[in-house]
Amino acid sequence: MVKHKKFLIGGIIIFLATGYLAYTGFQSSATYYYTINELLAQKGSIQGSNVRVTGQVAGDSVQTEPATLTMKFTIIDGPASLPVVYKGAVPDTFKAGIDVVVEGRLENDGVFRASVILTKCPSRYEPVKSS
Amino acid sequence: MASVGSVALILALIASVYSAIAHTAGGRRGTASAGARLSLVAVCGLVSVSTFILLFALITHNFRLEYVASYTSRSLPLPYLISALWAGNDGSLLFWAWLLAVFAAIAVLPKRTTGRELVPYASAIIMAVEAFFLILILATSNPFAELPAVPADGRGLNPLLENIGMILHPPALLAGYIGLTIPFAFAIAALIRQEGTDWLAPARTWVLLSWLFLGTGNIIGAWWAYVELGWGGYWAWDPVENAGLMPWLAATAFFHSIMMQRRRGMFKVWNLTLIVLAFNLAIFGTFLTRSGVLSSLHTFGESSMVPFFVTFLFVSFFGPMALLYLRRRGLKDETEVESLASREFSFQLNNLLLIGSVAVIFFGTVFPAISEAVRGVKIEVGRAFFNQVDGPVLLATLLLIGVCTLIGWRVSSTRELARKLLYALAAGAATAAVLFVFGIRQWYAVAAFAICAFVLFGVIYQWASENMARQRTRGEKGVRVFWELVRTNRPRYGGYLVHIAMVVMAIGVIGSSAFTTEKEAGLKPGQSITIDKYTLTYDTISMGDAGDKFVVRAAVSVVSGGKLIGVVTPEMYFHRSFEQPVTEVAIRSTPLEDLYVILAGWDRDGTAALKVVINPLVSWIWAGGGILISGGLIAFWPGRRKDPDSNGAA
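Protein chains in written order, with the numbering used here: chain R, 1 to 131; chain P, 1001 to 1650.
Certain hints may be false.
Claimed, not checked - Pairs of lysine-lysine, DSS-like flavour, derived with a Cα cap of 27 Å:
#	chain 1	residue 1	chain 2	residue 2
1	P	K1524	P	K1549
2	P	K1563	R	K72
3	R	K72	P	K1524
4	R	K95	P	K1549
5	P	K1524	R	K95
Calculated directly from the structure, the hints in this document are not laboratory data.
Required output: the full structure, derived from the provided sequences and hints.
If you want it as structure tokens, here you go:
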């Protein structure tokens, strides 16, 4: 039984080490996921922290500036809207009218500076059938 | 014609339910009635008929079927017409049911030398799973649903999906998921009948097959994501990617730990738990891919399937766990781990680490759903979480490969072990020193590369010394020794090859995650951008029609060390029928690094927006993937000697 104990201790050490890694990893990368309304409601408290926001790209709101790889657009969710600025290569599936998730920070001027744009899958891979 | 497909599915459902009941009736006796076996064959035949009808409809553009109209068009080439079978939800579920029926027939119909008395219960379980999928298809996603009017053309496949990846990646992953049903069924049959080890032989074969499919599917998926912009690199820890990785890791743990049960009668409960876990992870994977409960890059829709899957997962997890508890007395281990320096102990560690990493990935994947349920806010964990947590865990697993290979079975002679370890450690230290001299200072990467060198040396050293031992005892020479060695013990050397593949892939992953550099710029023709040792000059942009698409192509010449080394042409396509561009990345690949050039946009005045990325060592990942698949095939391939394991593994 003494041997058994040794292995148990080994297992516990691995478990604790993994748990510790998970905890610190979680601390550094947990990101709140908001709707536009939720984001705007919390304005003060989350200014400057990394969050994800989901919304629909408003038609005709997309402006691109190839010289600086900058893109400006607005995402909407019902009556709520949020202007977004993004710099970088845009996913192929991005276009007006689709649902996107933007990750980044809300600046003081009310503009959301996105560092990542996540588009949902190509629509033909799986059209949304439910409501 | 289409209604025949639906009717065949209904008949298949009836036959599968009958088959499950009839097989259960023969379960205690250990022999199945003719009716039970016949109905299993009937299920296989009927689902095949449905599948071929759908395939025929896809190929002949029968747009009356909503499914055909949604995923294909007249201009789609034949391979993609076939791939439309798994492009959509309804078709992929039919594909699931069909493959399971085929696997069932292959696994249970031929005469087997061991585990014959397990077949009835195992068949009953497989048929129950089949029935579940048939109910799911008929209730929520019948691919034979017809449109009120026949459209002139279908909507076609998203041009982003027109890639060889679409033909190989989904079916490979699905086959991997589905294959795990068979070992699960045999394990549960053994548990019901209280029979010890007979289930291990068929289980090993099918887990290995599934592992091979899952591994291939994941690697092809990673490659596809890498060459096709928009999926964000070769691995993004997306829920759907994680869903494919978790059962693969569990399967890896499983076929390591069953070696202990077969040789030493250990880990009995653990092995049964593992296979239940692997099967549930496979179903969970199908569920994630198909239900859209978690936001993913891949797919959305079909929330009507949620209650079906939740019920199924509940039964298929807690049912076996309860059974395991009831049967716990008969599952006492025959021996205990003897020493810390034994292979048994290193296998135990390997299992803990692999399952630990599964737990972490699972936690990270479902966390948004949990936090939303508990606190009402959705919190996602990013890639950093997975990299930070699973990086060290998987690296430790890699280290263990090296240690384990050198240790051998049971307690090794300490002196021999110390000598081998010393050499391998020296190889690791030497690598670290060389990297340091070449100016690499990221300690994490240096340590990781040192571990890779340690493991690679360990495996190759062990292989070479076994080669030499055979040379001494058998007097064979040269290549022949090597060949004979591998031929006579394929599982072992296939395993060695897979271990080498893991190191090679790890080198690629470490290199590309620690040393990537990127730069973006808007350039006018003639302007350059310098990144690392490359200078890229944007020469011209050209636009024009090519078939059914409009192509924009930038020509960029690459100069390195004062010499022109090539011209790359990143492109963007615009398909006529799709309002969506397809960005074709230009990749200039060398063993040391990939130059990855993206045309991110352009302006009327000729300005082109370029994004240039240097991804070091990425080609090692694909090379490692190739070695992994060959190693798996060598380990899996049925041998000439009478091997119960190879039974039914055509």
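Structure-based check of each hint:
1. Restraint check: the Cα-Cα separation between K1524/P and K1549/P comes to about 25 Å, which is no more than 27 Å; the hinted pair holds.
2. For the suggested pair K1563/P and K72/R, the alpha carbons sit about 39 Å apart, so the restraint of at most 27 Å is broken.
3. For the suggested pair K72/R and K1524/P, the alpha carbons sit about 22 Å apart, so the restraint of at most 27 Å is met.
4. Annotation: proposed proximity of K95/R to K1549/P holds, straight-line Cα distance about 18 Å (limit 27 Å).
5. For a cut-off of 27 Å, the pair hint linking K1524/P to K95/R stands: about 25 Å separates their Cα positions.
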